[in-house]
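Participant: Chain residues, written in single-letter form:
4 protein chains.
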Amino acid sequence: MIKAGIIGATGYAGNEIARLLMGHKGVEVAWYGSRSYIEKKYADVYQNFFQLVDAKCMDDNMEALSDEVDVIFTATPQGLCASLINEGILSKAKVIDLSADFRIKDVKKYEEWYGIAHKSPEFINEAVYGLCEINREDIKKARLIANPGCYPTCSTLSVYPLLKEGLIDPSTIIIDAKSGTSGAGRGAKVDNLFCEVNENIKAYGVASHRHTPEIEDQLGYACGEEVMINFTPHLIPMNRGILITAYASLKKEVSYEEVKAVYDKYYNKELFVRVLDKDVYPQTKWVEGSNFVDVNFKIDTRTNRIIMMGAMDNLVKGAAGQAVQNMNLMFGFDESEGLRQIPMMP
Amino acid sequence: MIKAGIIGATGYAGNEIARLLMGHKGVEVAWYGSRSYIEKKYADVYQNFFQLVDAKCMDDNMEALSDEVDVIFTATPQGLCASLINEGILSKAKVIDLSADFRIKDVKKYEEWYGIAHKSPEFINEAVYGLCEINREDIKKARLIANPGCYPTCSTLSVYPLLKEGLIDPSTIIIDAKSGTSGAGRGAKVDNLFCEVNENIKAYGVASHRHTPEIEDQLGYACGEEVMINFTPHLIPMNRGILITAYASLKKEVSYEEVKAVYDKYYNKELFVRVLDKDVYPQTKWVEGSNFVDVNFKIDTRTNRIIMMGAMDNLVKGAAGQAVQNMNLMFGFDESEGLRQIPMMP
Amino acid sequence: MIKAGIIGATGYAGNEIARLLMGHKGVEVAWYGSRSYIEKKYADVYQNFFQLVDAKCMDDNMEALSDEVDVIFTATPQGLCASLINEGILSKAKVIDLSADFRIKDVKKYEEWYGIAHKSPEFINEAVYGLCEINREDIKKARLIANPGCYPTCSTLSVYPLLKEGLIDPSTIIIDAKSGTSGAGRGAKVDNLFCEVNENIKAYGVASHRHTPEIEDQLGYACGEEVMINFTPHLIPMNRGILITAYASLKKEVSYEEVKAVYDKYYNKELFVRVLDKDVYPQTKWVEGSNFVDVNFKIDTRTNRIIMMGAMDNLVKGAAGQAVQNMNLMFGFDESEGLRQIPMMP
Amino acid sequence: MIKAGIIGATGYAGNEIARLLMGHKGVEVAWYGSRSYIEKKYADVYQNFFQLVDAKCMDDNMEALSDEVDVIFTATPQGLCASLINEGILSKAKVIDLSADFRIKDVKKYEEWYGIAHKSPEFINEAVYGLCEINREDIKKARLIANPGCYPTCSTLSVYPLLKEGLIDPSTIIIDAKSGTSGAGRGAKVDNLFCEVNENIKAYGVASHRHTPEIEDQLGYACGEEVMINFTPHLIPMNRGILITAYASLKKEVSYEEVKAVYDKYYNKELFVRVLDKDVYPQTKWVEGSNFVDVNFKIDTRTNRIIMMGAMDNLVKGAAGQAVQNMNLMFGFDESEGLRQIPMMP
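Chains as they are written, first to last, in numbering that gives the first Met the number 0: chain A, 0 to 345; chain B, 0 to 345; chain C, 0 to 345; chain D, 0 to 345.
No lab work stands behind these hints: they were computed from the structure.
One thing to keep in mind: the hints can contain errors.
Put simply, identical chains are the same to the list, so a pair is met inside one copy or across any two.
Derived DSS-like pairs: lysine-lysine, alpha-carbon spacing no greater than 25 Å straight-line [claimed, not checked]:
| # | residue 1 | residue 2 |
| --- | --- | --- |
| 1 | Lys250 | Lys264 |
| 2 | Lys55 | Lys107 |
| 3 | Lys104 | Lys2 |
| 4 | Lys188 | Lys39 |
| 5 | Lys250 | Lys163 |
| 6 | Lys251 | Lys39 |
| 7 | Lys40 | Lys268 |
| 8 | Lys268 | Lys55 |
| 9 | Lys2 | Lys118 |
| 10 | Lys140 | Lys2 |
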């Protein structure tokens, strides 16, 4: 039994880590960190844990925390993890950072897109990008994981195989993404009020969303060259779920079977990535509450483009689930331990 | 490892039984019955089970089914279970009926409210009303369970202790209930289309809903006299969840502490019924996806009435979860096996 | 052409007044007051008015405003109107206050329920409670209107006729109310975030909601005695709409036709109150965006109670629409001017 | 005062025509056609019209109808209008067809994409494509209008100016569209049930949706060459609204101001097309219930692409509103008569 601490436990992602770890056989949560709610009972903030969690919220003292736990999850705003981490902490506990602090290898790019100075650039190289299906072996050996962003997870897993196998032209990639509102966090903002989101849809961060360079980096690794894409996220009136619809020009004529074979090559041994049957398109509802990513594609012979689609739960595979999957790899647990939830329908 | 069969596996409740049993250590589903989808792969109807369930849908031959499994769940319209059941079946398999066929002991009352003739009145007496927190010992010995309706489960658990202890006047009980739309089933009806339900609320079955006599029976057992209530259900634009708000006149002056003590007397050893803290009211979101029922109350000294509230997930504790809980009791499993899901938030 | 000023123009109710007045032939809005957005273009705050309103937001100087306009709407938090109003203002402009400041005649009751001191008790007596269908003649002569609360409007109109005609027992009235989230206003609070409201339902203000004494006052006027009720509001995952379900014991045996005749007596000349056909229950969707209130009832002979139901759009008849209706009466416009919107479906 | 008949009056678009015409000073609806509800009161099917419309539903006898009215709206499935129309009808009444029957000039293309034989190809040439902002003069003289599809209206208006002015490369156009569920109609299908749509998003008709050739035709007229695009619609859990996000490569370097000037050139005299301010993106909520289309764009200098966005209410500008706008042009009414609704927020 290992011990885990969550910094940022009262955000939606932090709460989801708590939910998943409660069903995990090898871990117990020893620290619910939440600066805003110090001394308040965690179950008073998240009533779903009433009678299940007795602990009170703690502050975000990562130093103290590292003495008490084996693994620390930081589900906090950009910059916090980078400002707290140090060699002492990493020598005592493994860290899985759900913020963007260690996802982008080029510190200038990070500082440019995020508009803040990076406080611990010395750990960027060591950090492993925790996209389990792609970096599994490195994750197993890591002390510090940069847990991928929600959009990048769904986008990369949907596009990666075709790019890696050279089927699509990297310069033509356009990713049109749609996300449920939990991705916007639990902060009290007018824009996220029920009456502003319900019965509404909008694009946001057009040509400027911070997940763009993260996706570009990952796709760049796949094809071995620098990639620039269009990425447009949209806010959808639902709690959970991300759907991405990606477009790219095919580099040569390919059949359905050939493309399917490529996806299968990468994913047929992967538990959490499901390549759907022909002409069955991903829907967020079919993965809600689970760690699955459903992907599929459609070739359009008229335009010589391929449409790639992926759906997942932004709080599970897009955040907490993937963080737990990373933890499982790092500590030698079964990779799916605590993550075998069946999607809930309806 | 016992085997289970589900008749009506492609309804929302049937699908939820499948979801819960997949996480149960002692049961495997051997028969996905669905007359409408015979020969179709179950995972093609419920894509959440893609790559998880390989079986095809079967018909509803209960006779044949009873040879193959240890327990049969009938998640079917009223009348079907009563028309199929017989001594032969019951001698081979235990039956948990999610329809109303065996819930009401007075066959005339059943036929009046449901408008159909009861095909097996001879089994009504044997059937045990599967409200686990109240009839636990009888359930353990039963061959045939009448799994309670969704509204009756939430209503009874919220009101029962005060009635049993004589605190409230049975002739003054009014239950105003609100349910998510999954309670209406998966049938293709204009009334249940997204555009008809979304941004809308309405009462239905006013003074005539079929769950009325079922609730009245259970409340009658509690206080030892015949009870007649007002019960008004409302359709809410959400998928899951039932909230009941019940009103009754207090028979004597009582303090918060006295009432709380009564609820605690009945529920403080119950895992699935959570009596909330003072002035914290039940919300369906805090129990979604789980088998919990959250209850609480408020005394109004101005009117000498008490307001009792209960919230649960209509597909879990209100249907599939309670069915699995009954199965656990009948087969000697841990009562919470397969039912330890943490409510999902958001 | 008269001129109107709106104080609190950037709240949901204020915005709705602006929407309705834009379609009104006899009024032009000359002042969009909003302390939080001073100097910002109104159409930048409410983009629905892009290219339709060019004005900038002004402060809430009621004194200055009264020199420029004929009528002032105060769609502001409790206490503001009472703190600003004076004889000078009222001598120059008519005031329609959408807050609760002048709704309750007993200043002590107001101060008790609202927890604030009343700053202008001297105007309470003069103020007319602007429930047009009941106080029409007084409204025509008024300088100061207390525009009714949303719940009280729907509750009173649904229950009033039966109480006035002595059909129901005032001591047995229970009102279970359900409201869309726009009733909670546009303030940035965690409780009103999309992810907290969506897929959720809860009761709030149980036995303590501030609209209780307002409803009790109005019902008391109807039956000529003091009335105490139970009133329980619930938050529904929809933008607009209030549904109330009211219960009371009948004082004598009555037929459907007799009760229908009573409702018709009060409402068959009322444009905005529609008594539905037998067994057709009010739904908020059927009145959305309009000034209609749909009411109906069901007699339950089993319990000798009657269930009264009413549905309306909380922002129209429950706030802005009724305010405009009051203005029409005060200024001699056709009562339905600017209010002939057909409900939008879906 | 002219008279109008609606065939298909009980669909969502038909109901919306009825709503809009009720506020129109120059038209009265004389025929509510609905084969499925013959002899039923229209207000019993659409309760929003209770006490407002007394008429009963009639059949779809277009011949008889043309003797009684001046204009016929056919809000019916594909093929019906083409199967009923003839010279006799057109000599007596003008026809505005909301189906796709006369939108596509190439009858083979129509038959291929719609999978049905065209019953009156002889009228295809005469029919005018009723996109008012583009074909205004032709519409004024027309007897038969092909009212544009919802997606094509929003897509064409968003992309047209840039294509017409040669700023974007036609071969690179990708349109990712999102629609509320009312676009799917009022038919009772499992896929459109509340529980299937709510908390879900999916793409459908990928690379095969029937609106593709219609959009391609219109864009082809704009640039004077054949255009082939990718068009991917998505189903959004909301009642109303369409948002399109379109991508294209710029043919040359352009500034924000240059592109803005192009949009303004086409739309600054158009009442119903609003080009938003810089960096303000269209949201469906801000146009709900109105005939407005909000458009805007963002240049991405990194990829040399431009992102064009448009939002509208699919039932108004995307169907009924545009039909009324066409009628206004054909009969010499003010173009905005009956269409001055302010968008409803929230």
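Participant: With reference to the structure, classify each hint as holding or not holding.
Facilitator: To see whether the hints hold, each was checked on the structure:
With identical chains, the CA atoms of Lys250 and Lys264 are at most 25 Å apart within one copy only, with a shortest distance of 19 Å there and 39 Å across copies. In this homomeric assembly, Lys55 and Lys107 never come within 25 Å of each other (Cα to Cα): the closest approach is 39 Å inside a single copy and 41 Å across copies. Neither within a single protomer nor between protomers do Lys104 and Lys2 lie at most 25 Å apart by alpha-carbon distance, with minima of 29 Å and 52 Å respectively. In this homomeric assembly, Lys188 and Lys39 come within 25 Å of each other (Cα to Cα) both inside a single copy, at 23 Å, and across copies, at 19 Å.
Only within a single protomer do Lys250 and Lys163 lie at most 25 Å apart by alpha-carbon distance; the minimum there is 12 Å, versus 30 Å between protomers. Taking CA atoms no more than 25 Å apart as the test, Lys251 paired with Lys39 passes in neither setting, with 60 Å inside one copy and 36 Å between copies. In this assembly of identical chains, the alpha carbons of Lys40 and Lys268 lie at most 25 Å apart only when taken from different copies (22 Å versus 42 Å within one copy). Proximity of Lys268 to Lys55 under the C-alpha cut-off of 25 Å is restricted to the inter-copy arrangement: shortest distance 23 Å between copies versus 41 Å within a copy.
Taking the closest pair of Cα atoms, Lys2 and Lys118 never come within 25 Å of each other, the shortest separation being 27 Å inside a single copy and 57 Å across copies. Taking the shortest Cα distances, Lys140 and Lys2 sit within 25 Å of each other inside one copy (19 Å), while across copies they are farther apart (42 Å).
In summary, the numbered hints that this structure violates are 2, 3, 6, 9.
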